[in-house]
Every structure is written in C-alpha cells, then in structure tokens.
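Engineer: One-letter residues, chain by chain:
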Amino acid sequence: MREATFLILTALADEPRHGYGIIQDVAGLSGGRVNLLPGTLYAALDRLVVQGLVEPSHEEVVDGRLRRYYRLRADGQAELARQTERLRQLASAAETRLRALRPRTA
Amino acid sequence: MHRWLLLAYPRDYRRTRGAEILETVRDVGPAHRRSRMAANLVRHGLRARLGRPASRTVVAWASVFAVVCGLFAASFGTWLAWLGSRPLDHRDLAAVVGQLYPDRQAGHIDQDDPPAVFLIYGHPLGEDLLSELLLGDGGEYALAELTASFDQTPAGGLTDLRKRLDAAGWKRHEPFYANAYDCVPDTPQCDPASIPSDITVYAERGDHILAVELTADGSTNVTLSRATPGTAYPAGLLGFVLGLAGGWVLFGWASRRTEGRRPLVQGPAKILYGVAMVFWAAPILLGAPLMLTHHLDEPHPRWHVPWEWLGQPALSLPFLVGTVLLLLVLGLAALPHRRPAARTLAGASDPGPAL
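Chains A and B supply the protein sequences, listed in that same order.
Residue numbers for the first sequence follow full-length UniProt numbering, beginning at 1 and rising by one.
Residue numbers for the second sequence follow full-length UniProt numbering, beginning at 1 and rising by one.
Hint data in this document are derived by calculation from the structure and do not stem from the laboratory.
None of these values were measured; they are calculated from a predicted model.
Check each hint, because a few of them may be wrong.
[Said to hold, decoys possible] A few chain B residues that face chain A, going by a derived Cβ cut-off under 7 Å, partial list only:
hint: 1; residue: Glu20
hint: 2; residue: Ile21
hint: 3; residue: Glu23
hint: 4; residue: Asp27
hint: 5; residue: Val28
hint: 6; residue: Val58
hint: 7; residue: Ala60
[Said to hold, decoys possible] Estimated spans, in silico, between C-beta atoms of each pair:
hint: 8; chain 1: A; residue 1: Ala91; chain 2: B; residue 2: Arg34; range: 53 to 61 Å
hint: 9; chain 1: A; residue 1: Ala4; chain 2: B; residue 2: Arg26; range: 16 to 24 Å
hint: 10; chain 1: A; residue 1: Leu87; chain 2: B; residue 2: Thr231; range: 22 to 30 Å
hint: 11; chain 1: B; residue 1: Val249; chain 2: A; residue 2: Glu60; range: 28 to 36 Å
hint: 12; chain 1: A; residue 1: Ala4; chain 2: B; residue 2: Gly260; range: 21 to 29 Å
hint: 13; chain 1: B; residue 1: Leu238; chain 2: A; residue 2: Glu15; range: 47 to 55 Å
hint: 14; chain 1: A; residue 1: Leu87; chain 2: B; residue 2: Gly267; range: 32 to 40 Å
hint: 15; chain 1: A; residue 1: Val62; chain 2: B; residue 2: His337; range: 52 to 60 Å
[Said to hold, decoys possible] Facing chain A, according to a computed beta carbon distance under 10 Å, are these residues of chain B, among others:
hint: 16; residue: Arg3
hint: 17; residue: Tyr13
hint: 18; residue: Ala19
hint: 19; residue: Val25
hint: 20; residue: Ala31
hint: 21; residue: Ala39
hint: 22; residue: Asn40
hint: 23; residue: Leu41
hint: 24; residue: Val42
hint: 25; residue: Gly45
hint: 26; residue: Ala48
hint: 27; residue: Arg52
hint: 28; residue: Pro53
hint: 29; residue: Ala54
hint: 30; residue: Thr57
hint: 31; residue: Val184
All C-beta atoms, glycine included, are put in the ideal place defined by N, C-alpha and C.
Work out the full structure: start from the sequences and follow the hints.
Structural biologist: Here it is in structure tokens:
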C-alpha cells in the first residue's frame, strides 16, 4: 500500500472527513511531508470506494459550499490494522538491527 | 480556470464530483502552484476517463490503443497531405533526361502523367483493385514515379553524371553501390570482391527526387518522383495528436460503459479488444524494425511514407479485421444497460450541479 493511501485511511479512522479535511489531516499526520493535491485525493478515494475500504458518509452545505464526507468501512479498518501491523513489524526489525549496530559504531 | 480543467474528467464524473472537487481546489489553492494543481487535475481527469479506478492495467491498455490510434491518424494526415501535392509532369522528366543526356536517345521514356499520386499496379486504387490491396499485394501501393531508361550506359558513366547533376542544380547524394547478385553460401569459387555493382545516385531539386541507376549489365534507369510535401509534417503531427486524444477518449468511453457489466459482456469485450490489438499492433511491430533496417542500409533522400512503417497497406487485411473487432467492442459497450446510481458514491443524495 502506498504511503498516501495509508495516510488517507488513517485520516478517516477516527471520524468522517471531507476532501479538504482529509488533505489537512494527511499533511498533519505526515508532518507536512505529504501534501495531497485534489486530483490525487479523489483518484485515491475512487479506488478505495471501489475496493470497499471507504464509503461516502453524508453531505453538508456550509456557506453555500458542498462538503461531502467519507468514512472508513469495516474492511477499511481491517486493512488499516493489517498495514499498521506490517509497518510495526518492519519498524521493529529495523530498530533491532540499528540497536545492534550502535555499540560497534560508538 | 479549474472549471475548464475539469473537462479532462468524463461528463458523468463531472456531474457527480465536479462541484466537490472544485470546492476542495479552492480550499487547497493558495498552498500550491496553479500550474501544478492544473497538471494534477488534467492527469487524474484523464485517468478518470478510463473508469475502473482499482485497475492496475487499464492505463497500459489505453495507452497502447491511444498510441496506435495516433500513429494511424498521423499516417492518414500525411496521406491527405500527399494527395494535395503537385502532380508529376512527364515534361519535367523529359527536361531532366535532356539535361543529363543531351546527346542520347532514351530507349524508353514515360510520355504520360501518372493518373494519381499513389498507384497500385500503375492504376489509381479503386474498387477493382481493393481486393489486391487487401489480399497480399498491399505493398504494391506506392508513390507514382516517372521513368526513363537507356539500354546502354552513356559514355562518361558516373563521372559525367555527377558533373551534369551539379551543373543542373541538383543536390546529389553519394553514390550507392549494391552487388548485382550475391554469392551462394559455401561456394568458394565465388569471390564477393569480384561481383559487379549496380550504382544508384539520388538527387534532389525543388520538390523532385531523382534516382539514376547505372546497372552492372550496362543499362541506365532514370526515375523521377516527388519529394515529401512540406504540409505532410504538420499534418502528421496534428493527426497524431488528434488520434492520441481520440483513442484515449474512445477507449475510456468503452471501458466505462463495460465496467461492472455482466461477464457475458465484459469477457467478450476484453477478448475482442485483445485480439484486435494484435491485428493492429502486430504489423507495426513487424514492419517498423524491418523498415528501420532498410532505411539504415540504403540512402533515402525521402523517408518512406509513415504507413509503410506501420506495415500498411501490405498488412491491410489484419488491420481491417482488427477494425471490425473493435467496432464489435464498441457495439457491446453501446448496449443499453441499467447503471447503478452513483456507484462510487453510494449514499450521496444530491449529485450537485452539472459542470
């Protein structure tokens, strides 16, 4: 799974968000490193909707502006958990090796 | 401006998502360069035209189709430009022969103008010759030429020919030597160094291409033809761009129309498309390398016409079969069907204004 997709799923994990809300949250989660453009975001949302990981939640019109919210589906939560575990294992393996390296480089 | 860029997206998509995307673009706008945002919208809009957002291969299939369409359209564009070129005039040939060999009487010289820019077996392509074109003789469809010949090479040979071409204002290329015959392999008595050569000198002047062949058997052949018309290049480029865009849009339309349909529609559509692409692309993959080898082996004052690089019309029958199969795919895609309402946006009550 690409990093941007992982971050979008993470952004939707706690509450439904609209497009701009997802972009802001992804930027925050990544420390400003991943700045999604609208075309990229909606292409990813289309893919995630077709894959059954995300679904539209509801719409709001605020000051005459359309806000369509998206939320994680059960399959999306399961996939996010699986990817998180995978990344945790990888990070843990890397950490172990780095720890073993430190005394020798010191 | 972004509203215009949304035209890269298909109409149905704009209707359901256009307002939403525009709002997000306005929110995000100040944080990004406009050109970057625009390129991003166009790129993903063109991708959205293909439908099947989860597919990893649809972009590759669409690209193949669009490029092949672009190449064929470029060929068609240059063909039209060629049709508009100045007809050959037999008096020009007589004048050239008179300049090069003023003291010789040609054994043969064409006395009539060619009836068309392109000929097959000396005739314009018509219904009566269509079957010849389709059934294996498409390679005979070629540019019209005017020819003259001398039974004996005039005295002075190559040296005089060069001088006279220079004096008459022709821009000539270096002579091209080709063995009159080849040795049969494993026959030591045949010495390749002793094989006589046919010598061909190509020259250009204005919109004429001249080829003078001094054969090993002592005869001389003069061939006059047209240079590539200047309009062929922009016509080919325009054709390529239009074909590329048209191919992408057409593929996208068929892809979206068949997306999510019953296997009875999807299966045949994919198979027909795959077979059609073999019929369309195989002649290109066969023809282009052969043509490139040929082009590098001999001097060419004029490039071969682009459709010959695509294996056409020598392999026009496979092209025709491929076209029929693609029309069947389009027919399958056009079959009426009930589409699930806003399938990718289940639950969205108001699709928003059409853009």
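Engineer: For the range 53 to 61 Å, tell me whether the beta carbons of Ala91 of chain A and Arg34 of chain B fit it or not.
Structural biologist: violated, 38 Å
Engineer: Does Ala48 of chain B pass the interface hint, meaning its C-beta sits closer than 10 Å to a C-beta of chain A?
Structural biologist: Constraint on Ala48 of chain B satisfied, holds at 7 Å.
Engineer: At a threshold of 10 Å, is the proposed contact between Pro53 of chain B and chain A supported by beta-carbon distances?
Structural biologist: holds, 4 Å
Engineer: May I ask you to test the interface hint for Leu41 of chain B with respect to chain A, counting a Cβ-Cβ separation under 10 Å as satisfied?
Structural biologist: holds, 5 Å
Engineer: Does the closest beta carbon of chain A sit nearer than 10 Å to the beta carbon of Val42 of chain B?
Structural biologist: Constraint on Val42 of chain B satisfied, holds at 8 Å.
Engineer: Classify the hint on Ala19 of chain B as holds or violated, based on whether any CB of chain A lies nearer than 10 Å to its CB.
Structural biologist: holds, 5 Å
Engineer: Does Ala54 of chain B pass the interface check with chain A, least Cβ-Cβ distance below 10 Å?
Structural biologist: holds, 5 Å
Engineer: Would the hint on Arg3 of chain B be counted as holding, given a Cβ-Cβ threshold of 10 Å to chain A?
Structural biologist: Check failed: Cβ of Arg3 of chain B comes no nearer than 13 Å to chain A, outside 10 Å.
Engineer: Tell me if the interface restraint on Ala39 of chain B is satisfied: Cβ within less than 10 Å of some Cβ in chain A.
Structural biologist: holds, 9 Å
Engineer: Given Ala31 of chain B was flagged as interface, is its beta-carbon under 10 Å from a beta-carbon of chain A?
Structural biologist: holds, 7 Å
Engineer: Once the shortest beta carbon distance from Ile21 of chain B to chain A is found, is it less than 7 Å?
Structural biologist: holds, 6 Å
Engineer: Holds or violated: the 16 to 24 Å window for the beta-carbon distance between Ala4 of chain A and Arg26 of chain B?
Structural biologist: holds, 21 Å
The structure shown violates the earlier hints numbered 6, 7, 8, 10, 15, 16, 30 and 31.
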